[in-house]
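Generate the whole structure from the sequences, applying the supplied hints.
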Amino acid sequence: MSKLLFNLPRPSVPIFTRATTDAAPAASSWTAAPSEFPIHRIYCVGRNYREHAIEMGHNPDRELPFFFQKPADATVLCTPASISNVPYPMATSSLHYEAELIVAISKDGRKISVDKAMEHVYGYSLGCDLTKRDLQAEAKKMGRPWDAAKGFDSSCPLTPIIPKEEIKIGDDTQIQLEVNGTIRQSSPLAKMIYSIPEVISHMSELFYLQKGDLIMTGTPAGVGEINVGDEVSITCGELLPCKFVVGPPSSE
Numbered sequence: 008m009s010k011l012l013f014n015l016p017r018p019s020v021p022i023f024t025r026a027t028t029d030a031a032p033a034a035s036s037w038t039a040a041p042s043e044f045p046i047h048r049i050y051c052v053g054r055n056y057r058e059h060a061i062e063m064g065h066n067p068d069r070e071l072p073f074f075f076q077k078p079a080d081a082t083v084l085c086t087p088a089s090i091s092n093v094p095y096p097m098a099t100s101s102l103h104y105e106a107e108l109i110v111a112i113s114k115d116g117r118k119i120s121v122d123k124a125m126e127h128v129y130g131y132s133l134g135c136d137l138t139k140r141d142l143q144a145e146a147k148k149m150g151r152p153w154d155a156a157k158g159f160d161s162s163c164p165l166t167p168i169i170p171k172e173e174i175k176i177g178d179d180t181q182i183q184l185e186v187n188g189t190i191r192q193s194s195p196l197a198k199m200i201y202s203i204p205e206v207i208s209h210m211s212e213l214f215y216l217q218k219g220d221l222i223m224t225g226t227p228a229g230v231g232e233i234n235v236g237d238e239v240s241i242t243c244g245e246l247l248p249c250k251f252v253v254g255p256p257s258s259e
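Per my numbering, the sequence shown starts with residue 8, numbered consecutively.
Hints listed in this document are in silico derivations from the structure and should not be mistaken for laboratory results. Some clues are possibly wrong.
Said to hold, decoys possible - Computed list of lysine-lysine pairs in DSSO-like fashion (alpha-carbon distance at most 27 Å, straight line):
id, residue 1, residue 2
1, K198, K147
2, K198, K118
3, K218, K171
4, K123, K218
5, K114, K175
6, K198, K123
7, K114, K218
8, K218, K175
9, K114, K171
10, K123, K175
11, K198, K175
12, K118, K171
13, K218, K10
14, K123, K10
15, K171, K250
16, K123, K171
17, K198, K171
18, K118, K250
19, K198, K250
What follows is the structure, encoded as structure tokens:
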């Protein structure tokens, strides 16, 4: 008999693999694996693209990265089968998109060296760090945490995870976000201030990285506001596209 007062579901993300070894790199060539990736924590890297740091009014010079988190159950799954619905959140009048490459961790570690960091990576996903920009600006002004601006319900739309062995993600891979068919963000991953191995290494100096952790690696320049009815589409190389529509506020 369980000692828990009640049971809660464990958030997870589907894993997609190639349907055939010689399939074309398109959404139709991926199929769901029998197992899913359980989510432990969702870490986010702040201002990891030079141009984005500038547009947010900060010094773009390389300095130690900083991190914040989203709840594991803040995810909204976006699959190729349909466009997901993300309700407009309460307590804001300025909801912003931030396209991000997501790294999935499958090996525990502390104080991980840069040259060993990729050994801890299982695969990649693509997501959006939805942000209540008005609440974030107020928190910055008052020196308060960003939790209410970043960690709200449904603040992390994301795609199924692709194992790293089945996909190529490199410096020349382009991450791009469109709103209603208009390109708003577009950048090669090479413009990250800190590379994926460097992010993992720095993060493991502050946190014990564990299996099931997801790392949102930062967003390029071009962030902006979205409203009810807007359709968002994010692409990054061969990763499954992250598509969602902003729906009316939840009545629950």
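Evaluation of the provided hints:
| no. | hint | in the structure |
| --- | --- | --- |
| 1 | K198 with K147 | holds (25 Å) |
| 2 | K198 with K118 | holds (25 Å) |
| 3 | K218 with K171 | holds (15 Å) |
| 4 | K123 with K218 | holds (16 Å) |
| 5 | K114 with K175 | holds (20 Å) |
| 6 | K198 with K123 | holds (22 Å) |
| 7 | K114 with K218 | holds (5 Å) |
| 8 | K218 with K175 | holds (22 Å) |
| 9 | K114 with K171 | holds (14 Å) |
| 10 | K123 with K175 | holds (18 Å) |
| 11 | K198 with K175 | holds (17 Å) |
| 12 | K118 with K171 | holds (22 Å) |
| 13 | K218 with K10 | holds (25 Å) |
| 14 | K123 with K10 | violated (39 Å) |
| 15 | K171 with K250 | holds (22 Å) |
| 16 | K123 with K171 | holds (15 Å) |
| 17 | K198 with K171 | holds (21 Å) |
| 18 | K118 with K250 | violated (35 Å) |
| 19 | K198 with K250 | holds (23 Å) |
Checked against the numbered hints above, the structure breaks hints 14 and 18 and satisfies the rest.
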